[in-house]
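Asker: Spelled out from the first residue to the last, the chains are:
Number of protein chains: 2
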Amino acid sequence: MKQKRFILQETELPTAWYNIQADMPNKPMPPLHPGTKQPLGVDDLAHIFPRECCVQELDTEHDFVPIPEEVMDKYKAYRSTPLVRAYALEEALQTPAHIYFKNESVNPLGSHKVNSALPQCYYAKQEGMTNVTTETGAGQWGAALAYAASVFGLESAVYQVKISMQQKPYRSSIMRTFGAAVTGSPSMSTRAGKDIITRDPHHPGSLGTAISEAVELATTTPNCKYTLGSVLNHVALHQTIIGLEAEKQMAMAGEYPDVVIACFGGGSNFGGIAFPFMRHNLKDGKKTEFIAAEPESCPKLTRGEFRYDFGDEAGYTPLLPMFTLGHSFKPANIHAGGLRYHGAGMIISQLIKDGLMHGVDIPQLESFEAGMLFARTEGIIPAPESSHAIAATIREAEKCKRTGEARVILFNLSGHGLIDMSAYDQYLNGDLMNHRVSDEDIRQTLKSVPE
Amino acid sequence: MKQKRFILQETELPTAWYNIQADMPNKPMPPLHPGTKQPLGVDDLAHIFPRECCVQELDTEHDFVPIPEEVMDKYKAYRSTPLVRAYALEEALQTPAHIYFKNESVNPLGSHKVNSALPQCYYAKQEGMTNVTTETGAGQWGAALAYAASVFGLESAVYQVKISMQQKPYRSSIMRTFGAAVTGSPSMSTRAGKDIITRDPHHPGSLGTAISEAVELATTTPNCKYTLGSVLNHVALHQTIIGLEAEKQMAMAGEYPDVVIACFGGGSNFGGIAFPFMRHNLKDGKKTEFIAAEPESCPKLTRGEFRYDFGDEAGYTPLLPMFTLGHSFKPANIHAGGLRYHGAGMIISQLIKDGLMHGVDIPQLESFEAGMLFARTEGIIPAPESSHAIAATIREAEKCKRTGEARVILFNLSGHGLIDMSAYDQYLNGDLMNHRVSDEDIRQTLKSVPE
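Going line by line, the protein sequences match chains A and B.
Using my numbering, the letters of the first sequence correspond one by one to residues 35 to 485.
Using my numbering, the letters of the second sequence correspond one by one to residues 35 to 485.
Hints listed in this document are in silico derivations from the structure and should not be mistaken for laboratory results.
Even for Gly, the Cβ is constructed at its ideal location relative to N, Cα and C.
No false leads were slipped in.
Listed next, the stretches of chain A that the computed footprint assigns to chain B, with coverage defined by at least 3 CB atoms under 8 angstroms from CB atoms of chain B:
id, stretch
1, 38-50
2, 180-186
3, 397-411
4, 454-464
Construct all of the structure, not just a fragment, from the sequences and the given hints.
Answerer: Spelled out as C-alpha cells, the structure:
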C-alpha cells in the first residue's frame with residue numbers, strides 16, 4: 035500500500051530556522067523612520083518588539099539561526115506536523131499531478147501561527163517583560179499568542195478585528211481560555227481606536243486598525259512588548275520550521291516539489307513553507323515555482339504597488355518597503371480574515387520584484403468550492419485562508435491534467451476551519467459572494483501611501 | 035532533552051483489532067429479543083446493523099480481527115495518533131506520577147469516533163447499502179459518520195440530540211459540510227419522535243431519543259443500515275486501535291501503565307484504550323488499574339443497576355445486559371453531551387461485575403477545572419467529555435503526590451473542545467453548575483427497566 039503520511043521523529047526535527055535574507059540576491063530595503071526617512075536599526079525597533087526579534091529582523095548575514103532549547107521543547111508538543119500525499123484529492127481531480135500538503139492544522143491551536151508565537155513570547159520573557167500585546171484577524175494568531183504567553187508566564191492583551199470577532203466568536207473564547215484579555219478593534223480603549231471610530235463609527239476593523247491599537251498599548255505599558263503574527267522578517271524566519279521539515283519529509287517520499295503554494299496575508303505561512311525550498315533555487319539551481327494565493331478582494335501582490343508604506347491604519351509603524359494597496363485600504367468582509375491585510379512583507383515584496391515568486395488572486399467562492407472538495411476528499415475542513423492555497427493548487431493540478439505533466443505540487447495547509455463553520459454555513463446556504471476590487475478603489479487608497 | 039511525543043510510522047500501525055470477548059473469564063450475556071426474551075443471533079441483528087458488525091458483535095472466539103485493507107488505507111490519513119508525556123501538567127500538579135495521554139483529538143474530525151465510523155460505513159457499503167443513519171449527542175460521532183459515509187460514497191442521515199444541537203451549532207455545520215442530512219431529536223419526522231414530543235413537548239432530547247429515531251429511519255428505508263457510535267461490542271472492537279497503538283508507544287517510552295483512564299459514555303473510547311492493556315491483566319499477570327470517568331449527572335457505573343434494559347428511550351432496541359439508570363433516565367443538560375447516556379456497554383458491564391475495572395463520577399465543575407488546567411499547561415483545549423478523564427487523572431496524580439508513588443498514568447484524550455467553546459465561555463462566566471442526581475430519581479427511572 036502506498037504511504038500517505040510522512041512524519042519526523044523528535045530527534046529528526048530541524049534545530050535551526052532558515053534566514054533567506056542571507057541568500058537573497060537583493061536584500062530587502064530597510065524599514066524607515068516615518069519622520070526622518072532614515073533606516074531603522076535594532077535599537078529603533080526594540081522599543082516595540084522583543085530585542086532578539088529585531089536582531090533577527092535585520093540579520094542579512096546568518097543563513098541559519100539556532101532555535102532556543104526552550105522553544106524546541108515547546109515545538110515538540112506538536113511537531114513535526116505531517117506531510118500528507120493527497121491521493122483522494124488527486125483522484126477527484128483526475129490529475130496526473132502528485133499533490134502533497136504540509137498539515138499545520140494538527141497542532142493544538144489549529145494553525146501554523148504558534149510556530150512564531152512561542153519564540154516571540156520566549157524572547158520577551160528572556161528580556162524581563164511581563165506583558166505582550168498583539169492584534170489578530172480571524173483569531174488564529176491571537177489564539178497562538180495567548181497560548182504561548184501562558185506557556186511562558188506572560189500576561190497577554192489581544193486586539194481582535196471587530197468583524198472577525200463577530201463572525202467567529204469561538205476564537206475569542208479560545209483566547210480567553212488561555213487567559214488573554216480580548217478587545218474588539220477599533221475600540222475606545224486607545225487613542226488610535228478612538229480616532230478611527232470618530233472618522234467612521236461603523237468601521238468593521240482590519241488588521242491595520244488592530245495593529246495600531248496593540249502597538250499603542252505596548253508603547254504605553256511598562257514591561258510590555260508588541261508581537262506580530264506575520265509581515266515581518268523574523269516571523270517568516272520562525273515559520274521556516276514548516277519548510278525545513280517538509281524538505282526532509284519530501285525526501286522520505288522520494289520527491290521534490292516543482293511547485294510550492296501557500297495562501298498569502300502578510301507572508302508568514304508562505305515564507306515558512308517556501309523559503310527553505312527557494313534556498314535551493316538560489317543556491318543549487320533548482321527551478322521550483324512559488325505561488326502565493328491572495329484573495330481577489332485584497333490583491334496587493336497582483337494589483338498593488340511596490341512602495342514605502344505604513345504597516346497599520348493609523349500610521350504608527352515604521353515605513354516598510356512593500357507591495358501595498360495603501361494602508362487606508364479597507365478589505366471586504368471576506369471570511370478569510372487572516373488575508374485581509376493591505377501590504378506584503380518586506381522579504382516577499384523584494385522576491386516578487388526580483389521575479390523569484392508570483393501571486394495569484396482567488397475569488398471567495400472559488401476558495402470555498404476548493405475547501406469543500408478538500409473536506410469531502412481528504413476529510414479535513416480547511417481554514418478559509420488555507421482554502422485559497424487549495425484553490426491555487428487545484429488550478430495547477432488542472433493544468434497538469436490538460437498537459438499530462440505529473441508535476442509535484444506541495445501546498446501548506448496553514449490551519450483548519452473548525453472555528454469557521456459559520457462561514458461554511460453561509461457558503462452552503464448560498465449567502466456568500468465574490469468581492470472584486472475596482473481599479474479606481476485601489477487608485478484611491480494608494481493615495482494614502484506617503485510620498 | 036526528554037522525549038515528549040511518541041509516533042508510529044505507517045508500517046508500524048496495528049493491522050488487527052483486539053477482541054477482548056475472546057479472553058474474558060465470563061463472556062457478556064447475550065442481547066435478548068424484547069418480546070420472546072430469547073438470545074439474538076447475527077440474523078436478528080443484521081436487519082438493523084451491517085452484517086459484519088453483527089458477526090463481530092457476537093464473536094467470543096477470535097482474539098484478533100484483521101482490519102480490512104480499505105479501512106487501513108483511511109486510518110493512515112490520521113493514524114498513528116501521538117502518545118504524549120504531559121510534562122507540563124505533571125509540573126503544575128507537582129506530582130511524581132508520570133502522566134501520558136493518547137491524543138485522539140488530532141484527527142480531522144477531532145475525536146476518536148472516526149475509528150469506528152470508517153469500518154461501519156465500509157461494511158455497509160460492502161453489502162450493497164446506499165444509506166446509513168445514526169444518532170449523535172455533542173456531534174462528535176455524527177461528524178465522524180458523515181465523513182466516513184462521504185468517503186465510502188454513502189448518503190447519511192443524522193439525528194442529533196436537540197439540546198446539543200443548540201449548544202454546539204458548529205457540529206451540525208460540520209456534518210452538513212460532509213453532506214449529511216441533520217435533524218434535531220426528538221423530531222416530528224419519526225413515529226418515535228412524535229410520541230416523545232407528544233408526551234413532553236419540551237424534551238431536550240437525549241442519545242436515547244435520537245437512537246429511537248435513527249433506528250426507525252433505518253428499518254423503514256430501503257438499503258439503509260443503522261450505525262452506532264458507542265455501547266456495542268463491535269464499536270469498542272474498532273476503537274482498540276487506540277490502545278494497540280498506545281501499547282507500542284508506551285514501549286517506545288520504556289514504560290507500562292499502572293493506571294488507564296478514559297471518560298465514559300457508552301464505553302467506546304474507554305474500551306478502545308483499555309482493552310488491549312486489560313488483555314495483559316487477563317493473560318500475563320499485569321496489575322493495571324482501569325478507571326472509567328463518568329459524569330456525576332449520569333452515574334450508571336457507580337450508582338446504576340446491572341439489568342437487562344433497552345438501549346434507547348422508545349424501547350426499539352434489543353434488551354441489553356447493562357449497568358443502567360433505566361432507559362427513561364433524562365440526564366441533566368451538561369456540556370459533555372457524549373456522556374449523557376443511561377447505560378453501559380455489555381462488555382464493560384460484565385467487566386465491572388467481575389471487578390476488572392471500576393467507575394468514578396466527576397462533577398461538571400471539576401471536569402471544567404481540569405480541562406482549563408490541561409489547556410493552560412498542555413495547550414490543548416479538551417472536549418468536555420475528555421475533561422472527565424483529565425479530572426480522574428488529576429485525582430490519581432494527587433494521590434501519588436500524597437503517597438510519593440511515581441505511578442504511570444495513561445489517559446485517553448478522546449477529542450478536542452474547539453467546537454465546545456460556548457461551554458468554556460459559560461464556565462469562565464461562572465454560569466455552570468453541578469448536577470448530582472438524587473437516589474430517588476434513579477429509583478424512579480429504574481422502574482422503566484423491564485422485568
